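S.K.: Start from the sequences and build out the full structure, keeping to the hints where you can.
Chains A and B supply the protein sequences, listed in that same order.
Our numbering puts the first residue of the first sequence at 1, with every later residue one more than the last.
Our numbering puts the first residue of the second sequence at 1, with every later residue one more than the last.
Possibly wrong hints are sitting among the right ones.
Partial chain A-side listing against chain B, Cβ under 8 Å, derived [what the hints assert, rightly or not]:
no.: 1; residue: Trp440
no.: 2; residue: Ala461
no.: 3; residue: Ser476
no.: 4; residue: Gly543
no.: 5; residue: Ala546
no.: 6; residue: Ser573
no.: 7; residue: Asn604
A few chain B residues that don't get close to chain A, going by computed Cβ distances all over 12 Å [said to hold, decoys possible]:
no.: 8; residue: Ser3
no.: 9; residue: Val12
no.: 10; residue: Ile14
no.: 11; residue: Ile18
no.: 12; residue: Leu30
no.: 13; residue: Thr31
no.: 14; residue: Leu34
no.: 15; residue: Gly36
no.: 16; residue: Leu170
no.: 17; residue: Pro181
no.: 18; residue: Val241
no.: 19; residue: Ile242
no.: 20; residue: Leu245
no.: 21; residue: Ile269
Hints listed in this document are in silico derivations from the structure and should not be mistaken for laboratory results.
This one's a predicted model, so the numbers in the text were calculated from it and none came from an experiment.
Ideal Cβ placement from N, Cα and C applies to all residues, glycine included.
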Amino acid sequence: MLDTISLLIIVPVIFSILFVALPKSLYKILAWAFFILGVALSVKLVMDGTGVVPVPESNFAILENIVFVLEVLVILFILAVSLKYKNWPTLGLGIISAAIFGYTYANVHGAEGAAFNIDQFSQIMILIVNIVGTAIILFATGYMDHYEEHRHLNRQKIFYFTMSFFLAAMNGLVMADTLGWLFLFWELTTLCSFVLISYNMDEEGINNGFRALALNLVGGIAFSIGIVLLATNYEISTLSGIGAYAGTNATAMAAVALPVALLCIGGFAKSAQMPFQSWLLGAMVAPTPVSALLHSSTMVNAGVFLVVKLVPTFAGTNLGTAIALFGAFTFVMTSALALSQRNAKRVLAYSTIANLGLIIASAGIGTPLAVAAAIMLILFHAISKALLFLCTGEIEHTIGSRDIEDMSGLINKAPLLTMLISLGMISMLLPPFGVLLTKWVTMEVASSNPIVSIFMILGSALTTVYYVKWLGTILSTTMDKNAVHHQKPETYFPLSFLGLCIVATSILVFSIYDAFIKPQVATMLNIAPSVTGAGGQFSSEIGTFAYALIFIVIALAILIYYATKNMFAPRMSSYYLCGENSLEKDRLMFRNGLCAYDKSSASNIYLQNVFGESKLTTLGYVISILLIVAALAGGVL
Amino acid sequence: MNSFDILKIVLVLIGAPILGCLIAGIDRKLTARLQGRVGPPLLQPYYDVVKLFKKDNMIVHPAQNFYVVIYVVFVILSLLMLVFGMDMLMIIFVYTISSVALIVGGMSTGSPYARVGSSREIMAILSYEPILILYALAIYLLTGTFKLSALSTLSSPLLAYIPLIFISMLFVMNIKFKKSPFDYSTSHHAHQELVKGMLTEYSGPGLGGIEIGHFYEYVFLLGLMFMFWSSNIIIGLLLAVIAFLFVIIMDNITARVYWQWMLKVSWSILLIISIANILIVYYFYFKPA
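M.R.: Printed below as a string of structure tokens:
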């Protein structure tokens, strides 16, 4: 198994070097190879099974030195760029990180050995990173030329280098058990995201890059203080060690609560929860594949990954309740913010933050079923969100805009693309798809805490609204913008592949649960959730989600539609415009009261003056910071 | 699935539209009497549907009738799930599919009238969906499961525990029946609007399909009210009748309001009383597992 683990880290690094070494003309072949290798390696890891894999002692000393050198390089890089761009807050945070690193090196006794911990959760994360992640890189090869042409850039070597390196760091992060190593991978993903967000090298890009760097450094500092506390007070140096120490013992749980809360804050920053959400919103200045990578398969998943891994240390405690409240609050607040946005990428960004909030809320609830829901939501959300982001990028190339209002009539201009993005949206808000199934589980398990469930109920209604609005717009036939539609295999293959993944994972949801989630939760909490999957139903003791029934009824509806279609021969007519249509110009033109021609139009409702960013953001900051302080206070007391 | 279940399914498939059609007929008759008219025959909604299916299938967008099929099929499914006492939260999600289908269907035509109507209907979702889910949550807090079949284990009828949610649900009925004052997405009354909002571009068989869907939907919605006293069929039916009369009277004594107004009412008064009711249930009746 150690071979597969090392390959999963080394292969992406090799590819990142290849992307730099080889000319642009070979990128497409490289990306296909990377995709195939990524799929093969991640499947291989799953076949290898689970277990803790110690690093052989002979290699440990060398690897430990490499880790040390890399950590120093990361800190030096942060200090150097913040000095170069005179970004003083980041420089300050970099100096604090350096000080903590120095303190750790001098005072904390180093670990005797290092290990990787491959459990079912790591396997799922590896599958997400290496299948969805490489599909995104493949999409990028059909996207970046056009993108750079518009902006007169020529930085693709750095782009592909960082994207591939990102996957390596992410693979390391989800497999490492030693906290020191985990922290290195953690900081490497922060660094990669900084490079990718500031890709355009304009003022906005660089500012947003620094914001991401600074906020994640805050999280990183909380993380490293947590590690120091764990090592000095409890001699814990592995992630699994924290869970083993806490066990189900209430006193031990209370003892490690403060370092655990600090690690969680690191996770919140990485997952862009309120009050850290601004970095993820700023990240959308980068090319779309970067957003897709950050939002679905890498970066933000690292945060929720860590929080879910820590569940055994706070399940059922006050800290757990505080975390559940915090996550549910972020969910409702960012869903409301998403409602007021016209910019498709901003809607998606808020939607990501909201779903991560939901994952954190389920982790905080901490019952076996809730933890199962959290892990499943990470998986389903990653696939759907990757598809949604990549489609948005392709739409932007097709119609030249990312404003939702400009997307009306897309079904006529790019039918396949519209079908794919519609599938992505429907999978986010309607049954029988996986995201909704997990949302259903989350809402059912949250129901024993009324405040958390009320937040979830409101957030869920808001989610329906902002997606339906967008869905209706792209499916409408109103024609406005000119479209240039280019179908390239390297862009449409990943899109269709992700679409298929959504349908396949939703149909196989119970098998996925049985193979991965159930054993994982059983090892984490010592009890498996009591869920049965007979008859295509996902049933727990409190409810039943009949997903197979819905799939059958959808098939039935399609059958009925095609069977009855020819019974009523359709006759096309024009819109009802009070008989004042002007058909020779446009189907939407009409003659107004002055006998001149006007174009009729209708737009969606955004409720800017209720849910707008200017109205809600400050409130969100205040409450979320209070909740974090409450979580920390709960940890100390 | 035994033969009794199949009989039940067949009964719902055939019986519900007949019942729904009669409900719609009574609605028109009563409304006419309230307005001092004689009104159409009781079976007028049936004659309308038959006539609609004989008309030409005029469309503005090739796929617009697909959404009608999705709407009808999923309304029927949510009604069946209600009859079989399945998971309430799941029923609400399935019912959302049908509402979304109608909204997207309206928008898909691209007509500006339909798009305005659909946008308003989306806002209606924002107003009523939280209340519906709070209703489901109350059922869980009282019985320990979301399954409607567990309601029979309660010692008192649901209404005794959640009267405030019942009041909110009356307004949800008003919104979902698309009756005045909340009929701004599409209205049955010509005096309320010149063009038929969300359904502007639907005519002939498409509109006929939507009307049949409405028949099932009426039964489904009143079924939700029936659940408040499901232990006694007579009183349960009485609650459904009260809800129906409430909707018709409200329809006739009020004029259409702005959608903003509805959102304000629902997110202030209705949500607050429902949440208050949930908290009462939580503190007095909820027994954690």
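S.K.: Does the structure break any of the earlier hints, and which numbers would those be?
M.R.: Failing hints: none at all.
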